[in-house]
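S.K.: Fit chain S to the given chain C structure using the hints.
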Amino acid sequence: MKEIERNYPMLTFVTAYLIVWFAVLAYMLRLGGEQRRLRRTAEALREQFDKQRPARQRAA
Amino acid sequence: MPETASGRGFVGYLGYAAVAVMVAAAIAAICLLAPTEETMGDAQRIVYIHVAVAWMGLACFIFMAVAGGIYLARRDLAWDHWSRAALEIGWLCCSLTLITGSLWAHAAWNTWWTWDPRLTTAFVLWAMYSAALVLRSGVDDPHRQARMGAIVAIVGALDVPLVVMATRWFRGVHPQSPHMEPAMRVVLGISVVCFTVFFTTLLLLRRSQLRIADMLEDMECGGLPPLSETAGDFPRVLEG
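Note that the protein sequences, when read in sequence, are chains C and S. For the first sequence, the positions run 1 to 60 when our numbering is used. For the second sequence, the positions run 1001 to 1240 when our numbering is used.
Pulled out of the complex, with its shape left as it was, chain C reads as follows:
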């Protein structure tokens, strides 16, 4: 118990930093997930675009 009391300032500091970095990491993971979702959607649209290209060129 005395040991915890003695290290209390350090524990408080470490706790604050861990909370900050876990929160930032969670947000960055969310951004990464969104980036992957956008890439998949763009790839699907690109495939559709390439498939339709000959017909669209003829029509143009």
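These aren't lab readings, by the way, just hints derived from the structure by calculation. Incorrect hints may have been included.
Claimed, not checked - Across the chosen pairs, the derived CB separations fall in these ranges: (1) S:Ala1028 to C:Arg30: 26 to 34 angstroms; (2) S:Pro1035 to C:Arg30: 50 to 58 angstroms; (3) C:Glu34 to S:Met1165: 25 to 33 angstroms; (4) C:Ala44 to S:Gln1176: 21 to 29 angstroms; (5) S:Leu1135 to C:Leu29: 39 to 47 angstroms; (6) C:Asn7 to S:Pro1142: 49 to 57 angstroms; (7) C:Asn7 to S:Cys1221: 53 to 61 angstroms; (8) S:Ala1073 to C:Ala44: 35 to 43 angstroms; (9) S:Val1011 to C:Arg30: 19 to 27 angstroms.
This structure is a prediction, so every number in the text was calculated from the model and none was measured. For each residue, glycine too, the CB sits at the ideal point set by N, CA and C.
M.R.: Chain S only, in chain C's frame:
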């Protein structure tokens, strides 16, 4: 190295590496360079990140209000992308300000929370951020979302000067401008600059994602763009 969805190439990755190095340097400075304070010990080091995230929380709100105001004047969703990106980053920073402040307060004042003017106005700012997030998530139409976000941002921006001046205008327990040794001030400066660059990078990345998501949604709903508009190629900005 190929370009990515947000138009980054090798230079972009180099930029991310530079930001990571800056953040690592800031953490190293906080842990190793800053002297230990006599009264509070290591718990005082919380200040270096608390001030940095608090500043970003305030700056994002002002930015959100300005972008919202421009949206209301021009009705251009591009400004709403900036506003929404600032809302997300600002909410994160404001929440972290309250949490780190609470941990610091427990070490300094032996209480997690007190209704000090600075703390109260900061809490109101967090409530404004949360209100903007909740209101936006309840509406589907992007223009209605943008309008609601802009109005909350402009009204809420009135709280920003109160947060900044709370320690001068009202009596409270929050330190006005703590006396620091020169080495501490240098570390605080490094921390604020590095974290500002870091969160600004996240803001730019999020804004770019919102813009691309909007373009993809338009293409999915309205069909592929005519060949004349794309010069025969798939829009480069959307390539994975």
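S.K.: For every hint, state whether the structure bears it out.
M.R.: These are the hints, each one checked on the structure:
1. S:Ala1028 to C:Arg30: 26 to 34 angstroms: holds (27 angstroms)
2. S:Pro1035 to C:Arg30: 50 to 58 angstroms: violated (37 angstroms)
3. C:Glu34 to S:Met1165: 25 to 33 angstroms: violated (37 angstroms)
4. C:Ala44 to S:Gln1176: 21 to 29 angstroms: With a Cβ separation near 56 angstroms, C:Ala44 and S:Gln1176 fall outside 21 to 29 angstroms, so the hint is violated.
5. S:Leu1135 to C:Leu29: 39 to 47 angstroms: Given about 25 angstroms between the Cβ atoms, the range is violated.
6. C:Asn7 to S:Pro1142: 49 to 57 angstroms: holds (51 angstroms)
7. C:Asn7 to S:Cys1221: 53 to 61 angstroms: holds (58 angstroms)
8. S:Ala1073 to C:Ala44: 35 to 43 angstroms: Because 36 angstroms falls inside the window, the suggested range holds.
9. S:Val1011 to C:Arg30: 19 to 27 angstroms: holds (25 angstroms)
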